[in-house]
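There are 2 protein chains.
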Amino acid sequence: MADSAAKHEIDELYQKAKRAKSDNENGGGEVGKEIECGNILSEFKTTKVLSDSAREKNIFIHGKLADQDAVIILEKTPIREDTLAELFTGSTLKLEMKNDIYSTYRLQAPSQLNEIKTTVVCPATEKHIKKYQRQESFLVEETGADYQSITLPYIQKQSFSVQWVYNILEKKAEADRIVFEDPDPTVGFLLLPDFKWDQKQVDDLYLIAITLQRGIRSLRDLTQEHLPLLQNIFQKGKEAILQRYQLPASKLRVYLHYQPSYYHLHVHFTKLGYEAPGCGVERAHLLADVIQNLQSDPEYYKTRTLYFPLRVDDGLLSKYKEAGRL
Amino acid sequence: MADSAAKHEIDELYQKAKRAKSDNENGGGEVGKEIECGNILSEFKTTKVLSDSAREKNIFIHGKLADQDAVIILEKTPIREDTLAELFTGSTLKLEMKNDIYSTYRLQAPSQLNEIKTTVVCPATEKHIKKYQRQESFLVEETGADYQSITLPYIQKQSFSVQWVYNILEKKAEADRIVFEDPDPTVGFLLLPDFKWDQKQVDDLYLIAITLQRGIRSLRDLTQEHLPLLQNIFQKGKEAILQRYQLPASKLRVYLHYQPSYYHLHVHFTKLGYEAPGCGVERAHLLADVIQNLQSDPEYYKTRTLYFPLRVDDGLLSKYKEAGRL
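Chains C and S supply the protein sequences, listed in that same order. The opening residue of the first sequence carries number 1 in full-length UniProt numbering; numbering runs sequentially from there. The opening residue of the second sequence carries number 1 in full-length UniProt numbering; numbering runs sequentially from there.
None of these hints come from the bench; they were simulated from the model. Fair warning: there could be bad hints in the mix.
Copies of the same chain look alike in the list, so a pair counts if it fits in one copy or across any two.
[Claimed, not checked] Once the Cα atoms are required to be at most 25 angstroms apart in a straight line, the calculated DMTMM-like pairs of lysine to aspartate or glutamate come out as:
| id | residue 1 | residue 2 |
| --- | --- | --- |
| 1 | K238 | D182 |
| 2 | K236 | E181 |
| 3 | K94 | E81 |
| 4 | K45 | E115 |
| 5 | K196 | D100 |
| 6 | K98 | E136 |
| 7 | K271 | E141 |
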């Protein structure tokens with residue numbers, strides 16, 4: 001989760017970089033120029049590796065750059081199909097193993113074909129360092145009673161602002177991003193791309209359906225009376241995605257989060273096969289299952305024990321610890 | 001999924017390589033020597049990229065090597081903490097963007113610090129090529145009736161062999177890998193590491209509990225009578241993992257697959273936070289939820305519509321297509 005958040009941040013930075021670069025191309029100035037520069041990293045003193053991923057080939061490092069706190073993010077770049085021919089002809093191979101039809105090598109590529117994306121945050125604040133620090137998660141067991149006595153009071157006290165959601169619903173923000181709209185006040189919703197999706201390819205399609213009806217905080221508030229709403233989102237959401245992106249329902253994963261990241265009912269639509277953050281069984285609930293469960297038991301989500309992960313720095317986790325539940 | 005399967009294969013190869021290397025160190029011979037070799041890849045002609053992952057920085061390529069079919073697998077290596085100092089001092093930086101406290105660069109590292117793991121399969125058979133080919137998945141909707149009329153007859157006709165499971169249960173194989181055993185014929189089980197886990201660190205802990213009782217194919221066969229079995233696996237599995245690996249239940253994701261990859265009841269124990277293949281909501285079912293569902297409705301898994309992904313080359317998918325269900 002820490003990696004994903006950090007990854008998202010890098011991507012945002014790169015978007016900024018692109019914009020800066022294109023502004024520069026149109027205007028001039030120093031920002032965005034790609035130049036070979038003095039190697040500022042040769043002065044970098046590592047304090048601590050904040051997190052890393054062997055799978056994603058990235059690392060987040062806290063250290064000092066000229067006596068200032070800095071965070072350095074390194075991430076190997078994807079292997080590009082258009083450079084393969086050059087990579088094969090221009091590299092050095094070191095044989096590791098040969099056995100029958102299988103052989104393995106360490107390939108040393110020309111540096112310019114095998115770059116490492118590098119981001120420097122300097123001076124970095126305590127907040128930056130904490131953000132990139134790997135966060136352990138714990139699985140919390142929440143009975144219906146726990147929800148009433150621990151979770152609900154915490155949510156209410158925090159009064160997490162969902163003003164940004166209301167801005168979307170009132171078309172004060174992001175109106176140009178809306179993919180589909182059903183204006184019915186009871187079963188209506190808006191469908192729009194999640195921020196994580198750049199909309200450049202459907203491989204990582206990610207849309208969010210936000211209910212127009214206010215006051216449904218999460219899965220825990222759902223009863224049989226919400227079935228028409230849920231069925232409407234499921235049906236019309238799938239139709240809109242088929243029409244706009246030519247993806248049939250059999251290529252979609254449609255689910256809710258518990259705990260959600262904001263307490264206004266919303267549904268996630270992602271492409272099947274795309275390992276979206278938060279699509280794991282410990283946090284996601286298939287909308288189709290939610291509908292079936294409510295059909296057979298109107299009190300299913302009021303009474304059931306639900307399980308979900310919380311990060312160490314989540315305030316709700318402290319409440320569960322205080323209650324002796326962890 | 002294709003990536004994961006392929007990744008698994010590479011890892012197996014590397015295990016083989018390691019073994020070959022250590023055999024060699026003890027014995028001599030050609031296998032396992034690490035030598036700079038003629039660049040056989042300079043002759044490689046790409047036919048097709050079979051699959052790739054921008055997230056994992058790998059690529060699987062089908063092509064020709066000296067007129068023979070070959071598959072080349074390239075994967076960038078993880079960034080190693082112990083080479084950071086050398087990486088920072090010895091690399092060239094190209095500035096991409098500078099904006100306030102943020103700056104981004106393309107880092108060109110010395111080739112030997114930034115290798116690409118390369119695997120060659122040559123000559124490659126049609127089976128190899130198919131194995132590494134990215135496979136689309138479809139989400140299948142299976143009602144209780146569909147299970148009886150489509151899935152169950154397919155499973156029975158295929159008669160997937162679970163002899164290897166019986167070999168484990170009878171201690172004819174893998175006996176030295178058993179982490180915990182409850183010999184009770186009704187509620188007993190064996191707990192052992194999954195092949196995907198190298199047991200070197202608990203970060204990617206992955207164990208499987210296999211029931212001693214035979215004839216329970218999957219989730220679909222479970223009724224209230226299996227509650228003691230499921231509760232026993234849940235409880236004793238968690239205790240054994242705490243004792244052996246010092247991981248408490250709050251750090252574990254305990255689940256079943258539907259469809260399972262083999263039809264003898266087994267339960268997955270993975271570390272929370274490790275994105276294990278198959279832990280997504282579309283395939284995994286938390287054991288805690290399964291227990292609750294059976295407690296409140298003994299026929300839950302007999303009657304419920306279940307959703308699961310199937311790869312294009314899965315024979316069961318053809319059956320659903322023939323039945324007009326996709």
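Hints violated by the structure (listed by number, smallest first): 6
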